[in-house]
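One line per chain: the protein sequences are A and B, in this order. Okay, so the first sequence: first residue is 193 according to this note's numbering, each after it adds one. Okay, so the second sequence: first residue is 195 according to this note's numbering, each after it adds one.
The hints are simulated quantities; they were obtained by calculation from the structure and are not laboratory data. Heads up, a few of these hints could be off.
[Said to hold, decoys possible] For lysine-lysine, the following DSS-like pairs were computed, each having C-alpha atoms within a straight-line distance of at most 27 angstroms:
hint: 1; chain 1: A; residue 1: LYS271; chain 2: A; residue 2: LYS325
hint: 2; chain 1: B; residue 1: LYS548; chain 2: A; residue 2: LYS271
hint: 3; chain 1: A; residue 1: LYS293; chain 2: B; residue 2: LYS548
hint: 4; chain 1: A; residue 1: LYS270; chain 2: B; residue 2: LYS202
hint: 5; chain 1: A; residue 1: LYS325; chain 2: A; residue 2: LYS200
hint: 6; chain 1: B; residue 1: LYS364; chain 2: A; residue 2: LYS293
hint: 7; chain 1: A; residue 1: LYS271; chain 2: A; residue 2: LYS314
hint: 8; chain 1: B; residue 1: LYS409; chain 2: A; residue 2: LYS200
hint: 9; chain 1: B; residue 1: LYS208; chain 2: A; residue 2: LYS293
hint: 10; chain 1: A; residue 1: LYS293; chain 2: B; residue 2: LYS409
hint: 11; chain 1: A; residue 1: LYS325; chain 2: B; residue 2: LYS202
hint: 12; chain 1: A; residue 1: LYS314; chain 2: A; residue 2: LYS195
hint: 13; chain 1: B; residue 1: LYS263; chain 2: A; residue 2: LYS293
hint: 14; chain 1: B; residue 1: LYS374; chain 2: B; residue 2: LYS302
hint: 15; chain 1: B; residue 1: LYS263; chain 2: B; residue 2: LYS302
hint: 16; chain 1: A; residue 1: LYS325; chain 2: A; residue 2: LYS270
hint: 17; chain 1: A; residue 1: LYS314; chain 2: A; residue 2: LYS325
hint: 18; chain 1: A; residue 1: LYS293; chain 2: B; residue 2: LYS202
hint: 19; chain 1: B; residue 1: LYS593; chain 2: A; residue 2: LYS270
hint: 20; chain 1: B; residue 1: LYS364; chain 2: A; residue 2: LYS200
hint: 21; chain 1: B; residue 1: LYS479; chain 2: B; residue 2: LYS460
hint: 22; chain 1: B; residue 1: LYS202; chain 2: A; residue 2: LYS200
[Stated by the list, open to error] The calculated label-pair distances, taken between Cβ atoms and stated as ranges, are:
hint: 23; chain 1: A; residue 1: GLU237; chain 2: B; residue 2: THR469; range: 48 to 58 angstroms
hint: 24; chain 1: A; residue 1: ALA194; chain 2: B; residue 2: VAL467; range: 50 to 60 angstroms
hint: 25; chain 1: A; residue 1: GLU237; chain 2: B; residue 2: GLY537; range: 29 to 39 angstroms
hint: 26; chain 1: B; residue 1: GLY608; chain 2: A; residue 2: GLU308; range: 48 to 58 angstroms
hint: 27; chain 1: B; residue 1: LYS292; chain 2: A; residue 2: SER331; range: 37 to 47 angstroms
hint: 28; chain 1: A; residue 1: SER242; chain 2: B; residue 2: GLU231; range: 37 to 47 angstroms
hint: 29; chain 1: A; residue 1: PRO234; chain 2: B; residue 2: TYR283; range: 26 to 36 angstroms
hint: 30; chain 1: B; residue 1: GLN287; chain 2: A; residue 2: TYR296; range: 23 to 33 angstroms
hint: 31; chain 1: A; residue 1: TYR296; chain 2: B; residue 2: GLU231; range: 39 to 49 angstroms
hint: 32; chain 1: A; residue 1: GLU309; chain 2: B; residue 2: HIS256; range: 32 to 42 angstroms
Note that the structure is predicted; figures quoted are calculated from it, not measured. We put the CB at the ideal spot given by N, CA and C, even for glycine.
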Amino acid sequence: MAKVIKCKCRVSGRREGDILTTDQPVSFWGGVDPEQGIIIDPRHELFGASVAGKVLAFPYGKGSAAAPMVILELVRAKKAPTALVLIEVDSLLVSGPVICKHFYGETIPVVTLNHEEFQLLKTGLHAVVDGSKGEIVLSGSAF
Amino acid sequence: MQLTDTEKEMLDGKDGEAVRIAMSILTDIGDAVEAEEMTEIVHVHTDSGFYLGDAGLEFVEHLANLAGKVCVPTTMNNTSFDLERGLSYGVSQDLFAKIKRTENAHLKMGAIPTWTCAPYQDGIVPRFGSHVAWSESNAIAFVNSVIGARTNRTGDLIDICSAITGRYPKFGLYLDENRKAEVLIQCGNLAENIIADASFYPLLGYLAGYQAGNKVVAIEGIPKTVSVDNLKDLGAAAASSGSVALFHVIGVTPEAHTREMCLKDKDALQAIVVTADMIRNMEEKLWTVADDRLDWVGFGCPHFSFSEFRELAGLIQGHKVSKDVRATVFTSRNIHAWVRQLGILEILNNAGVKVYTDGCLLLFPQNKGKTGAMMTNSAKAANYIYSQAGLKAAYGSIKDCVDSAIAGKIIRRGSAWLR
Chain A
193 MAKVIKCKCR VSGRREGDIL TTDQPVSFWG GVDPEQGIII DPRHELFGAS
243 VAGKVLAFPY GKGSAAAPMV ILELVRAKKA PTALVLIEVD SLLVSGPVIC
293 KHFYGETIPV VTLNHEEFQL LKTGLHAVVD GSKGEIVLSG SAF
Chain B
195 MQLTDTEKEM LDGKDGEAVR IAMSILTDIG DAVEAEEMTE IVHVHTDSGF
245 YLGDAGLEFV EHLANLAGKV CVPTTMNNTS FDLERGLSYG VSQDLFAKIK
295 RTENAHLKMG AIPTWTCAPY QDGIVPRFGS HVAWSESNAI AFVNSVIGAR
345 TNRTGDLIDI CSAITGRYPK FGLYLDENRK AEVLIQCGNL AENIIADASF
395 YPLLGYLAGY QAGNKVVAIE GIPKTVSVDN LKDLGAAAAS SGSVALFHVI
445 GVTPEAHTRE MCLKDKDALQ AIVVTADMIR NMEEKLWTVA DDRLDWVGFG
495 CPHFSFSEFR ELAGLIQGHK VSKDVRATVF TSRNIHAWVR QLGILEILNN
545 AGVKVYTDGC LLLFPQNKGK TGAMMTNSAK AANYIYSQAG LKAAYGSIKD
595 CVDSAIAGKI IRRGSAWLR
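Based on the provided sequences and hints, a complete structural model is requested.
Written as structure tokens, this is what we have:
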């Protein structure tokens, strides 16, 4: 079984991965180790989790304007999330994936959802994020 | 996005490959945030020279090798250590070499090696109302709020793209309607001896950041005599507890002559009446030390101003920093030259205070793996030295920090909110 959710494309591309979701904002700078892709903020509920290869879903970003640099380092280290799913678009969060597209030729789609649809994302489900089509296809045991 | 003919040519590669890449990135960001057009930028303060890892370095070297050149005055944010004196305090050769490569790439592109997080203290003051692209949270807050030039929170590496193209997508704080405050912090009930205390302002900023998050905030009840340093400290703290990029001080800052001028919607306004208890509560949040043991007194977050140096020198002249305590100041190259010329540097050296340029208090190499205690006059530093570097923090005025450095233990004289 699969479920299709409509979303708004912010950065195009089609990637898939297992979902890692949180209702807490994520700060890449100081919050995610740029070499390992591990969430290092001890106050975050995802402390210790790896974002590498994940469809990372969180409502909005916070923290320093160094976020694009952290995402670029994660891509170089092959520890980056495969896609970002957000509620609020944020120029700092789209910047990293946009630079990666033009510098490394690597795609990290970024899409936004409303609050209700965001709640459908559950950690461990699999998602195909298709920014260009504006849809997320969820699959996994919950369906 | 609607691009002008000139911008379309940039995107098509007519001005070279570096411009094409930079414009492609900016256009994609503009599309993502649904900006309708680009705005022309007249100044950039870039944090792309900050070395986090090889990806960022390779990106700026790539632009420089493609003959990318900045087309507007472009100042550089601080790096992690003092480029002249860093090796003497334990920076590795490897990191030093990487940062020199970063510097060379920027110099090749025509950036100015200011290496400071407080360019506004070096005479970098864009015209009121002009559109700039600044990075570094405290500098963003200062240039928007105190100078009234307009910038969003420009991301690292995006800032250098702006410098190469002279463009940034027009959204957010470039637009009049987004510069009005949705949160009002009222200080009118606070006693005069609180308002007159320099160590009140970082705490007020810290409170404003917690209350406002990423919204524009207005502050009322601050006298016109408030110093530039007070406003600098307020903004730096607000940008560290929240993501405040613009604050208005009613009757003080240039877009807030009156309440009416700077408040968004009276009905939806979130108003907070500040009490002494709230200020004490903010100070308590910053204290993470368990006792009065002291290893380090740190000044210069943001980079120390000339007037802060004068105050520090006046307090410490004729005294010595305890042998068990390290006392350091970070500042810009310009201010360093001024304090050297005026003999202030000699006073500080004689007292055992080390003065560094270019770098950052929070990225001192000896931070790593240390469990010591640092006292500082900066709410931003007290916040991050704990959350990012793992040291314990104590907070106080410049005088408290000096008294503590001399005594070799933490001393905090009672500000009015502590009594």
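Evaluate the given range 48 to 58 angstroms for the C-beta pair formed by A:GLU237 and B:THR469.
violated, 32 angstroms
Does the alpha-carbon distance linking B:LYS548 and A:LYS271 stay inside the 27 angstroms limit?
violated, 39 angstroms
When you check the alpha-carbon spacing of A:LYS325 and B:LYS202, does it fall within 27 angstroms?
With a Cα-Cα distance of about 26 angstroms, the restraint between A:LYS325 and B:LYS202 holds, given a limit of 27 angstroms.
Per the hint of 37 to 47 angstroms, is the separation of the Cβ atoms of B:LYS292 and A:SER331 within bounds?
holds, 43 angstroms
Lying within 50 to 60 angstroms: is that true of the beta-carbon distance A:ALA194 to B:VAL467?
holds, 53 angstroms
Given the hint that A:LYS293 pairs with B:LYS409, does the C-alpha gap stay at or below 27 angstroms?
Violated, because 30 angstroms separates the two Cα atoms, which is more than 27 angstroms.
Do the alpha carbons of A:LYS293 and B:LYS548 lie within 27 angstroms of each other, as the hint requires?
Violated, at about 44 angstroms.
For A:TYR296 and B:GLU231, compare the CB-CB distance with the range 39 to 49 angstroms and indicate the outcome.
The hinted range 39 to 49 angstroms is violated for A:TYR296 and B:GLU231, with Cβ atoms some 28 angstroms apart.
27 angstroms limit on alpha-carbon distance, applied to hinted pair A:LYS314 and A:LYS325:
holds, 21 angstroms
Taking only the CA atoms, is the gap from A:LYS271 to A:LYS325 under or equal to 27 angstroms?
holds, 25 angstroms
Please verify whether B:LYS263 and B:LYS302 have alpha carbons no more than 27 angstroms apart.
Distance ~8 angstroms between B:LYS263 and B:LYS302 Cα, so the pair holds.
Could one say that the CB atoms of B:GLY608 and A:GLU308 fall in the range 48 to 58 angstroms?
holds, 51 angstroms
In the structure shown, a violation is registered for the earlier hints numbered 2, 3, 4, 10, 14, 19, 21, 23, 25 and 31, in ascending order.
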